[in-house]
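All chains, please: the whole structure from these sequences, using the hints.
For reference, the chains in residue letters:
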Amino acid sequence: MQISIRRHDETTIFDLSGDIDFANSPEVRQPLLREIRENRTPRVVVNLSQVRYIDSSGVASLVEGLKASRDLGSRFGLFGLSTAARETLQLSRLIKVFEVHENEEQALAS
Amino acid sequence: MLALYSNPRLLSVVRGAVERLTETLGFPAVECRSITRAVDEALTNIVRHSYGNRLDKPIAMYFRRTQRRHEGEVQHGLEILLCDHGPGVDPSKLRGRPLEEIRPGGLGLHFIRQAMDTVEFTRKGPTNRLRLVKFLASASDAS
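Each protein sequence line maps, in turn, to chains E and X. Numbering-wise (numbering that gives the first Met the number 0), the first sequence opens with residue 0 and increments by one. Numbering-wise (numbering that gives the first Met the number 0), the second sequence opens with residue 0 and increments by one.
No wet-lab data here; the hints were simulated from the structure. Beta carbons are placed, not taken as given, at the ideal position from N, Cα and C, and that holds for glycine. Please note: incorrect hints may appear among the correct ones.
[Unchecked claim] Here are some of the chain X residues that sit facing chain E, going by a computed Cβ distance under 7 Å:
1) Pro7
2) Arg8
3) Leu10
4) Ser11
5) Asp39
6) Glu40
7) Thr43
8) Leu106
9) Gly107
10) Gln113
[Claimed, not checked] Just some of the chain E residues that point at chain X, by a computed CB distance under 8 Å:
11) Tyr52
12) Ser55
13) Ala83
14) Ser91
Structure representation (C-alpha cells):
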C-alpha cells in the first residue's frame, strides 16, 4: 500500500494505492486523523482509484475520518472508487454516509 | 493445505492464493473477490481475537473441492477450513453488528456471511475450526 498527500487550496488530498488491510490500515488512519484533528484542514478527500483491495479495517479507518470531520465541522469525501473499494463500501452499507465523487475534479468543485 | 503464522503481512499472500484458486475453479470474478474477502476477514479475526495480535502463532488452512445436490442438480463448490489454537470462542459473539450503525469495526463477520453459503464455527479439542463453503451457481441458475 502506498499513500501520498497533496494540498490544493483548503483541501488535502490523500492518494491511496494497492491493498489496504489489517497489516497496514493504521498507516492510513493515523495521517488521516492527524490531518483532520491537528492540522484542522477544512476538507479532506481520499482518492481510492488505485486501491486494489480494502478490508473492513480499511473501511473502519475511513469511517473514523468521517466521524472526526463531523465532530469538527469539516468535510470528508471520497472519489474515484475502484471496483474493489466500491464493492466493499456497498457491502458495508456505509457508502451512502460518505460524500462520494466520480473524480478529483468533481470532488474539488463540490 | 496452507500453514502460516499469524503475521498480518501474510494476509496479502493468502489473498493472492485464494483469488487464483477461485478463478481456477471457475467462480465468476465478483465471487472470486467476495470469497477472497471472506477468507481475509476470517484470518484477520484469528490474528486479532484468537491470538491477540501475536505474530508467531500457527494457522492451518485446508482447501478441497466439494459438491452437493441442489434442486435436482449437482453443484460443485469450494470448502475452506481455517484452524487455530487460540482460546475457545463464544459462538454467540460471532454475529457481527447491525449495519445501520455508522461506526468503525464489526464488519468482518458481515463480509464473511455475505460471501459464503456455509459459515460454521466449531471447537474440536484445542482447535478452533471455521468452515466456509461456497458453491458454484449451477447452469440453470446462471441462465
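The hints, checked one at a time:
1. Pro7: For Pro7(X), the interface hint holds, since the closest Cβ of chain E sits about 4 Å away, which is under 7 Å.
2. Arg8: Because about 5 Å separates Arg8(X) from the closest Cβ in chain E, which is inside the 7 Å limit, the hint holds.
3. Leu10: 5 Å, holds
4. Ser11: 6 Å, holds
5. Asp39: 6 Å, holds
6. Glu40: 6 Å, holds
7. Thr43: OK, holds: Thr43(X) within 7 Å of chain E, min 4 Å.
8. Leu106: 4 Å, holds
9. Gly107: Hint holds; Gly107(X) Cβ to chain E Cβ min 4 Å, cut 7 Å.
10. Gln113: 6 Å, holds
11. Tyr52: 7 Å, holds
12. Ser55: Given a least distance of 4 Å, the restraint on Ser55(E) holds.
13. Ala83: 7 Å, holds
14. Ser91: Where the cut-off is 8 Å and the nearest Cβ of chain X is about 5 Å from Ser91(E), the hint holds.
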